[in-house]
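K.L.:
Chains as they are written, first to last, in numbering that gives the first Met the number 0: chain P, 0 to 485; chain E, 0 to 393; chain W, 0 to 110.
Hint data in this document are derived by calculation from the structure and do not stem from the laboratory. Being a predicted model, the structure only gives us computed values, none of them experimental.
Some residues of chain E that are not near chain W, with every Cβ distance over 10 Å (derived):
{"hint": "1", "residue": "A65"}
{"hint": "2", "residue": "A108"}
{"hint": "3", "residue": "S115"}
{"hint": "4", "residue": "G117"}
{"hint": "5", "residue": "V122"}
{"hint": "6", "residue": "R140"}
{"hint": "7", "residue": "E147"}
{"hint": "8", "residue": "V180"}
{"hint": "9", "residue": "V221"}
{"hint": "10", "residue": "L231"}
{"hint": "11", "residue": "L261"}
{"hint": "12", "residue": "G285"}
{"hint": "13", "residue": "Q367"}
{"hint": "14", "residue": "L385"}
Below, a sample of chain W positions facing chain E; criterion: calculated Cβ distance under 8 Å:
{"hint": "15", "residue": "S53"}
{"hint": "16", "residue": "Q78"}
{"hint": "17", "residue": "R79"}
{"hint": "18", "residue": "D80"}
{"hint": "19", "residue": "D99"}
{"hint": "20", "residue": "L101"}
{"hint": "21", "residue": "P102"}
{"hint": "22", "residue": "A104"}
{"hint": "23", "residue": "P105"}
No more than 25 Å apart at the CA atoms, straight line, and that leaves these computed lysine to any residue pairs for SDA-like:
{"hint": "24", "chain 1": "E", "residue 1": "K91", "chain 2": "E", "residue 2": "P54"}
{"hint": "25", "chain 1": "E", "residue 1": "K91", "chain 2": "E", "residue 2": "A116"}
{"hint": "26", "chain 1": "E", "residue 1": "K91", "chain 2": "W", "residue 2": "D99"}
{"hint": "27", "chain 1": "E", "residue 1": "K91", "chain 2": "E", "residue 2": "H243"}
{"hint": "28", "chain 1": "E", "residue 1": "K91", "chain 2": "E", "residue 2": "D138"}
{"hint": "29", "chain 1": "E", "residue 1": "K91", "chain 2": "E", "residue 2": "A271"}
By construction, the Cβ of each residue, glycine as well, lies at the ideal position given by its N, Cα and C atoms.
Below are the chains, spelled out letter by letter.
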Amino acid sequence: MTAVLVIGAGPAGLAAARAARARGASVTLLDAADELGGQFWRHLPASRPASNERVLHHGWDTFRDLAETLEFDDGCRILRQASVFAIETRGSGPAEVHIVVGEADGAGRDRLVLRPDAIVVATGAHDRTLPFPGWDLPGVFTGGAAQALAKSERLAVGERVVVAGAGPFLLPVAASLAATGSRVVGVFEANRVPALVRGWLPKPWQLSGAVSKGGELAGYVSGHLRHRIPYRLGRMVVGAHGTDRVEAVTIAAVAPDWTPIPGTEQRIEVDAVCVSHGFTPRLELAIAAGCALTADRFVEVDAGQETSVPGVYAAGEVTGIGGADLALAEGTIAGHVAAGGTLTDAELQRPVRRRTTFTRFAERLDAAHGIRSGWPAVVTDDTIVCRCEEVTYGQLRQTVSSTGSRSLRALKLSTRAGLGICQGRVCGRSVETLLAGCQPDGLLGDPVSTDRRPIAGTIRLGELAAAPTTALPTTSTPSPSIEGTP
Amino acid sequence: MTNDVIIVGAGIVGAACARALAMAGFDVTVIDRGTTAGGTSSACEGNLLVSDKGPGRELELAQYAATLWTQAAVDLRTELGPDFPSVEYDPKGGLVVATTDAGAAPLLAFAAGQRSAGVDARVLDRAEALSLEPDLAPDFRAAVFYPEDSQVQPTIATEALMASARRHGARLIENTPVTGVLRDSAGALVGVTTAAGELRAARVLIAAGPWSGEVAASFGLVLPVLPRRGELLVTSRMRHRIFHKVYDADYVGAVGSNDSALQTSSVIESTAGGTVLIGSSRQQIGFDCRLQVDALAGIAAKALRLFPFLAGAAVMRTYGGFRPFMPDHLPVIGEDPRLPGLWHAAGHEGAGIGLSLATAEMIRDLMQGRPTRLDAAPFSPARDSLAPHLEQAA
Amino acid sequence: MAPRLLAAGDDPVRPGPSTPLTIDVDGEPVTGIRGQSLAGVILAGGTLALRRTSVHGGPRGVFCGIGVCYDCLVEVNGQRDVRSCQRRAADGDVVRTQYDPLPEAPEGDHA
Ligand SMILES: Cc1cc2nc3c(=O)[nH]c(=O)nc-3n(C[C@H](O)[C@H](O)[C@H](O)COP(=O)(O)OP(=O)(O)OC[C@H]3O[C@@H](n4cnc5c(N)ncnc54)[C@H](O)[C@@H]3O)c2cc1C
Ligand SMILES: Cc1cc2nc3c(=O)[nH]c(=O)nc-3n(C[C@H](O)[C@H](O)[C@H](O)COP(=O)(O)OP(=O)(O)OC[C@H]3O[C@@H](n4cnc5c(N)ncnc54)[C@H](O)[C@@H]3O)c2cc1C
Ligand code: FES
Numbered sequence: 000m001t002a003v004l005v006i007g008a009g010p011a012g013l014a015a016a017r018a019a020r021a022r023g024a025s026v027t028l029l030d031a032a033d034e035l036g037g038q039f040w041r042h043l044p045a046s047r048p049a050s051n052e053r054v055l056h057h058g059w060d061t062f063r064d065l066a067e068t069l070e071f072d073d074g075c076r077i078l079r080q081a082s083v084f085a086i087e088t089r090g091s092g093p094a095e096v097h098i099v100v101g102e103a104d105g106a107g108r109d110r111l112v113l114r115p116d117a118i119v120v121a122t123g124a125h126d127r128t129l130p131f132p133g134w135d136l137p138g139v140f141t142g143g144a145a146q147a148l149a150k151s152e153r154l155a156v157g158e159r160v161v162v163a164g165a166g167p168f169l170l171p172v173a174a175s176l177a178a179t180g181s182r183v184v185g186v187f188e189a190n191r192v193p194a195l196v197r198g199w200l201p202k203p204w205q206l207s208g209a210v211s212k213g214g215e216l217a218g219y220v221s222g223h224l225r226h227r228i229p230y231r232l233g234r235m236v237v238g239a240h241g242t243d244r245v246e247a248v249t250i251a252a253v254a255p256d257w258t259p260i261p262g263t264e265q266r267i268e269v270d271a272v273c274v275s276h277g278f279t280p281r282l283e284l285a286i287a288a289g290c291a292l293t294a295d296r297f298v299e300v301d302a303g304q305e306t307s308v309p310g311v312y313a314a315g316e317v318t319g320i321g322g323a324d325l326a327l328a329e330g331t332i333a334g335h336v337a338a339g340g341t342l343t344d345a346e347l348q349r350p351v352r353r354r355t356t357f358t359r360f361a362e363r364l365d366a367a368h369g370i371r372s373g374w375p376a377v378v379t380d381d382t383i384v385c386r387c388e389e390v391t392y393g394q395l396r397q398t399v400s401s402t403g404s405r406s407l408r409a410l411k412l413s414t415r416a417g418l419g420i421c422q423g424r425v426c427g428r429s430v431e432t433l434l435a436g437c438q439p440d441g442l443l444g445d446p447v448s449t450d451r452r453p454i455a456g457t458i459r460l461g462e463l464a465a466a467p468t469t470a471l472p473t474t475s476t477p478s479p480s481i482e483g484t485p
Numbered sequence: 000m001t002n003d004v005i006i007v008g009a010g011i012v013g014a015a016c017a018r019a020l021a022m023a024g025f026d027v028t029v030i031d032r033g034t035t036a037g038g039t040s041s042a043c044e045g046n047l048l049v050s051d052k053g054p055g056r057e058l059e060l061a062q063y064a065a066t067l068w069t070q071a072a073v074d075l076r077t078e079l080g081p082d083f084p085s086v087e088y089d090p091k092g093g094l095v096v097a098t099t100d101a102g103a104a105p106l107l108a109f110a111a112g113q114r115s116a117g118v119d120a121r122v123l124d125r126a127e128a129l130s131l132e133p134d135l136a137p138d139f140r141a142a143v144f145y146p147e148d149s150q151v152q153p154t155i156a157t158e159a160l161m162a163s164a165r166r167h168g169a170r171l172i173e174n175t176p177v178t179g180v181l182r183d184s185a186g187a188l189v190g191v192t193t194a195a196g197e198l199r200a201a202r203v204l205i206a207a208g209p210w211s212g213e214v215a216a217s218f219g220l221v222l223p224v225l226p227r228r229g230e231l232l233v234t235s236r237m238r239h240r241i242f243h244k245v246y247d248a249d250y251v252g253a254v255g256s257n258d259s260a261l262q263t264s265s266v267i268e269s270t271a272g273g274t275v276l277i278g279s280s281r282q283q284i285g286f287d288c289r290l291q292v293d294a295l296a297g298i299a300a301k302a303l304r305l306f307p308f309l310a311g312a313a314v315m316r317t318y319g320g321f322r323p324f325m326p327d328h329l330p331v332i333g334e335d336p337r338l339p340g341l342w343h344a345a346g347h348e349g350a351g352i353g354l355s356l357a358t359a360e361m362i363r364d365l366m367q368g369r370p371t372r373l374d375a376a377p378f379s380p381a382r383d384s385l386a387p388h389l390e391q392a393a
Numbered sequence: 000m001a002p003r004l005l006a007a008g009d010d011p012v013r014p015g016p017s018t019p020l021t022i023d024v025d026g027e028p029v030t031g032i033r034g035q036s037l038a039g040v041i042l043a044g045g046t047l048a049l050r051r052t053s054v055h056g057g058p059r060g061v062f063c064g065i066g067v068c069y070d071c072l073v074e075v076n077g078q079r080d081v082r083s084c085q086r087r088a089a090d091g092d093v094v095r096t097q098y099d100p101l102p103e104a105p106e107g108d109h110a
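Throw the hints in and build the complete structure from the sequences for me.
P.N.:
Quick look at the structure:
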């Protein structure tokens with residue numbers, strides 16, 4: 000029996016696990032979180048289960064169905080609170096997967112090593128938020144933070160909130176905030192997407208009556224809310240203000256390339272601002288496994304979702320940002336093929352069709368909402384670019400001009416940008432763009448990127464020093480072969 | 000003879016040589032297949048050590064290099080100005096600790112030998128050692144403090160030396176691999192061939208770190224520089240709790256060994272950024288850079304013997320590179336008798352940051368035909384201890 | 000003007016019964032509900048700043064909410080560098096905000 004390891008239990012990973020099981024593989028599905036569902040199906044935890052969770056989620060029944068099928072299946076082992084911290088490619092098989100299992104960032108978690116026959120990487124994505132003055136103040140959140148706190152705790156991050164950035168994701172964020180009791184004083188989309196309404200509207204973000212022709216975002220949860228939320232195009236947050244926390248933001252109109260237009264600034268008093276300019280795929284594990292990336296820096300896959308490394312598959316947001324429905328379709332294909340199936344099998348015909356549809360859709364979304372090249376214009380010399388190491392844009396500029404360095408690697412090491420504990424997850428791509436922009440020809444001279452993180456999640460030195468356990472915490476079902484490292 | 004020199008490699012050794020030669024009036028061109036500090040010199044620690052070297056030629060070079068660094072740190076700051084990132088020169092001193100009875104006597108004997116060679120190596124009692132490093136596991140068997148050990152931030156140091164070289168007229172060509180030697184019709188060296196065409200000079204200096212053997216091979220010559228892999232762990236920032244460089248005494252053995260199997264020994268220090276660097280492994284597996292968790296686990300386990308509190312420290316990254324290893328443990332510095340005009344400055348193993356400045360002075364003096372500060376013969380490509388390796392491999 | 004929990008009675012998802020818990024944040028008791036993250040409990044308690052930064056000493060709070068930015072690090076029961084947005088709160092947790100100043104630069108180094 001093929002042993003398939005699925006990393007990530009979001010829509011893609013869940014679908015992959017089910018498809019691999021259906022094709023007869025033994026499956027281990029793991030996720031760093033203690034609840035299944037990934038970013039999309041975040042929900043109140045098992046300690047406080049909601050009886051009507053469905054009103055907040057697109058496809059909730061699909062989720063319950065996937066989760067229950069897998070939870071009651073003896074051939075599928077589910078490891079929660081299991082973080083993959085490293086992938087090694089020296090041994091036999093596609094890769095050796097190193098995991099710690101236990102409370103998030105706990106000490107003394109168990110170390111496990113799995114050597115599966117096939118791996119499905121379904122690690123998803125996180126918000127990409129571009130730097131702007133004041134974005135490091137408490138009270139400035141990513142859209143995902145607002146969404147996560149609203150969905151999994153029923154917590155509103157503020158009372159008067161601005162949602163800004165780019166992309167259709169701003170709308171569910173605003174809707175979640177409103178549904179959790181915030182007053183969303185405006186949603187500001189940087190692009191002037193004329194095709195916006197036509198392009199993505201009813202799906203797949205599935206907001207009932209999200210935006211009317213007049214540009215207003217109405218209530219989301221079955222008439223529960225009556226707020227009218229202004230939805231403005233071609234505007235961007237250019238500053239957040241406050242001393243210990245955000246008290247106001249400045250919104251400005253921007254040109255099509257996102258350069259702010261002087262004189263259009265408008266100050267809005269808020270107690271929270273949620274900013275998201277798109278998503279960055281979580282690539283570190285795929286990179287560690289040796290998978291090739293596409294030019295636009297997603298995991299490259301073939302029609303069967305197999306990466307450039309035989310036996311390693313990828314599905315969901317790591318292969319391209321396309322939403323939960325695309326993630327489900329890709330996951331199904333990946334799981335089926337990883338378990339030994341082929342693309343021509345009858346079970347895959349529907350997912351393959353759906354993948355085509357949703358991929359086209361995602362391309363349209365990206366064309367309409369993608370980040371535009373003029374964004375660095377909002378970044379001032381004293382804007383912090385790397386949040387962890389508090390490196391400002393002025394420091395980046397000065398270091399490039401004084402050293403004459405064209406090397407991303409050297410500039411990271413001499414400015415410390417991207418060297419902090421988030422390991423450039425938040426700032427990495429922005430730092431790359433800003434450093435390249437400081438070069439006379441706009442190009443950096445080395446082929447490295449900020450996406451490589453050999454340690455995929457922090458591990459305590461004591462945990463690393465301890466020998467890996469040779470048994471899983473809950474051993475009752477078949478699983479990929481497990482051994483301690485010598 | 001014209002005074003032009005091509006330097007192959009823009010690591011710290013190439014940069015230091017470029018600076019010394021440009022300041023002496025040579026016409027210098029540095030060429031690298033990547034970017035400045037893109038190789039080993041940004042994949043290491045910046046220790047400037049005397050503590051790990053027993054009496055002998057390398058120690059003398061390191062002792063001299065230590066004095067050069069003290070001066071260079073001041074000169075570079077003056078020359079490059081306050082806008083240039085600091086090279087983070089820090090004469091913090093090193094503490095070598097024997098954690099076992101078996102390790103104590105060799106450490107004390109090693110230190111005694113070093114003292115006779117002029118090294119300041121102070122045997123400390125438990126209380127003295129703990130006053131230097133209060134969080135050290137108190138059950139160590141012997142401790143020796145080396146006040147002369149210091150450090151720089153190696154990437155910035157490389158950039159600073161290169162920036163200084165350029166201010167003195169050196170040219171830098173990046174992203175251009177050197178592909179071979181250029182000879183005239185009589186077979187004499189007249190330059191190099193590169194991916195972007197020919198480049199002429201009377202002298203060519205190979206300073207390509209662990210790739211120096213490859214570059215020499217493309218010139219048709221054997222040079223036994225081999226990669227010796229080393230990996231380090233980096234923790235998240237923490238309160239400043241480790242104040243010196245702290246090593247396990249087994250470090251001393253690993254540096255001098257020829258064993259190609261995986262070895263680990265502890266080298267622990269705080270950085271200016273507040274993180275802690277934990278080294279390191281030594282392994283000869285060619286240029287294989289694939290992650291090896293058991294090597295990292297070994298490094299972690301040894302570090303905990305010295306500082307048990309680190310058990311809770313969060314490891315956020317691992318990095319490493321390839322030390323340019325020489326079979327006779329001495330760098331190769333000087334002109335190659337097999338091909339006049341070809342020079343080497345390579346093979347500094349785990350000490351290239353420290354030794355770079357002294358290497359550069361030696362190269363400059365030799366190229367100028369002047370007496371060298373230290374005897375250059377032991378480092379010569381023509382030395383006896385290298386001869387069998389040149390033949391064996393040829 | 001602070002983050003707050005939606006009252007269960009107003010909540011269309013109809014949450015199940017909640018178990019209260021109390022944590023200690025820098026010596027102050029803060030109450031929350033079982034199943035919340037530490038960050039959620041602290042936020043709902045009205046505190047946005049979870050730590051002070053090392054270089055400028057400025058306040059920092061939750062940013063990404065999903066475990067990728069590490070801005071929400073706190074010390075929990077003596078264990079440093081815990082992402083408070085990822086750790087579920089347990090009754091009695093002792094939380095300390097972190098502030099780790101940089102090591103002092105050596106003499107003569109005025110970078
Ligand atoms: C905070 C947030 C909220 C979102 N909300 C919406 C929304 O409301 N509507 C919408 O349409 N889209 C939303 N999205 C977009 C969302 O990414 C996709 O729609 C969908 O979740 C993608 O599914 P996926 O399976 O590819 O990845 P995800 O759902 O992101 O699942 C990936 C899983 O992998 C796990 N993982 C990652 N790395 C590791 C590791 N090293 N070890 C162990 N586990 C790991 C993660 O914990 C995660 O559970 C949101 C995204 C984010 C970041
Ligand atoms: C883990 C580790 C820890 C270490 N710690 C220390 C320490 O604490 N203290 C210390 O002093 N030393 C240390 N070292 C050793 C030190 O890093 C090296 O000795 C030193 O960096 C070598 O410098 P270099 O300039 O010779 O080589 P490199 O920095 O490797 O530079 C060589 C350059 O040559 C270029 N090159 C290669 N081939 C070609 C070609 N065909 N054409 C053009 N260019 C080419 C490369 O691109 C590279 O930029 C450590 C090494 C490792 C791996
Ligand atoms: S808020 Fe980003 S990791 Fe917790």
